[in-house]
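K.L.:
Okay, here's what each chain looks like letter by letter:
Protein chains: 2
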Amino acid sequence: MLTRIDHIGIACFDLDKTVEFYRATYGFEVFHTEVNEEQGVREAMLRINGTDDGGASYLQLLEPTREDSTVAKWLAKNGEGVHHIAFGTADVDGEAEAIRNKGVRVLYDEPRTGSMGSRITFLHPKDCHGVLTELVTSASSQH
Amino acid sequence: MLTRIDHIGIACFDLDKTVEFYRATYGFEVFHTEVNEEQGVREAMLRINGTDDGGASYLQLLEPTREDSTVAKWLAKNGEGVHHIAFGTADVDGEAEAIRNKGVRVLYDEPRTGSMGSRITFLHPKDCHGVLTELVTSASSQH
Numbered sequence: 001m002l003t004r005i006d007h008i009g010i011a012c013f014d015l016d017k018t019v020e021f022y023r024a025t026y027g028f029e030v031f032h033t034e035v036n037e038e039q040g041v042r043e044a045m046l047r048i049n050g051t052d053d054g055g056a057s058y059l060q061l062l063e064p065t066r067e068d069s070t071v072a073k074w075l076a077k078n079g080e081g082v083h084h085i086a087f088g089t090a091d092v093d094g095e096a097e098a099i100r101n102k103g104v105r106v107l108y109d110e111p112r113t114g115s116m117g118s119r120i121t122f123l124h125p126k127d128c129h130g131v132l133t134e135l136v137t138s139a140s141s142q143h
Numbered sequence: 001m002l003t004r005i006d007h008i009g010i011a012c013f014d015l016d017k018t019v020e021f022y023r024a025t026y027g028f029e030v031f032h033t034e035v036n037e038e039q040g041v042r043e044a045m046l047r048i049n050g051t052d053d054g055g056a057s058y059l060q061l062l063e064p065t066r067e068d069s070t071v072a073k074w075l076a077k078n079g080e081g082v083h084h085i086a087f088g089t090a091d092v093d094g095e096a097e098a099i100r101n102k103g104v105r106v107l108y109d110e111p112r113t114g115s116m117g118s119r120i121t122f123l124h125p126k127d128c129h130g131v132l133t134e135l136v137t138s139a140s141s142q143h
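Those sequence lines, one after another, are chains L and C. Throughout the first sequence, residue numbering follows full-length UniProt numbering, covering 1 to 143 in sequence. Throughout the second sequence, residue numbering follows full-length UniProt numbering, covering 1 to 143 in sequence.
Accuracy of the hints is not assured; some may be wrong.
Same chains, same label: a pair holds when it works inside one copy or across any pair of copies.
[Claimed, not checked] Taking lysine-lysine and the DSSO-like style, the derived pairs with C-alpha atoms no more than 30 Å apart in a straight line are:
(1) K17 <-> K102
(2) K17 <-> K77
(3) K126 <-> K102
None of these hints come from the bench; they were simulated from the model.
Next comes chain L alone, as it looks inside the complex (with noise of 0.2 Å):
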């Protein structure tokens, strides 16, 4: 079961610049960063509001920090924008092989390492209307 919209990505070509954007014009605090060197990707989660499966709703600022990562290439082609939206679900992996069981593809075969110590996968938006899906597990309800 998916129980909340998680967050949404946003990719950004300067990481700084744009946290001071959310912050000046709507007083977003940065809640957590890290580098995600596998995605390619330096990131800021912006807490916006709790939610009432007990988790958290996020802005995810995206800044790639290589020519070849996936959200670089995204940028080239798009600009600045919405890159994705995770669901929140305590059961990653249970849902991914009953979304992939529905003719949905998942773009990894195991979930992987995403913000915050969550363990995530992406649904390939093209079976999505459009819409890159990420499906995400945080590390507190991870068993």
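Chain L is fixed; fit chain C onto it per the hints.
P.N.:
For chain C alone, coordinates are given in the frame of chain L:
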């Protein structure tokens, strides 16, 4: 103050097919449907989770009802995908004014009617790092 991710607006060519995709793939059910003649869209709201400000987060699926609507033009250029994101606030008028005073272009002089009797306005995506951004005060928050 912006207190939640209110919704993610997703543009699609065929609302019924897209609703069915979200139901069959994730189990998300339609919470509300309506036609907004002013915006030129037919829409379905899928409620994903409650939020700790007393509101909720939705997916808003949007199908244009006429060729000259902004969503129709957006689809013709971009194809299906995430069209905008929306933050919830108890005071869309005050927030819009404060944000306008920071130099961000607000697209309406006064907020207009959005989904489910809400009051909404939009911020220019070029002033928001490529993200068309909506501010929304839900009907239940209006005094």
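K.L.:
Give a verdict on every hint.
P.N.:
Now the hints, each set against the structure:
1. Only between protomers do K17 and K102 lie at most 30 Å apart by alpha-carbon distance; the minimum there is 15 Å, versus 41 Å within a single protomer.
2. For the homomeric pair K17 and K77, the shortest alpha-carbon distances inside one copy (21 Å) and between copies (28 Å) are both at most 30 Å.
3. In this homomeric assembly, K126 and K102 come within 30 Å of each other (Cα to Cα) only inside a single copy, at 14 Å, whereas the closest approach across copies is 38 Å.
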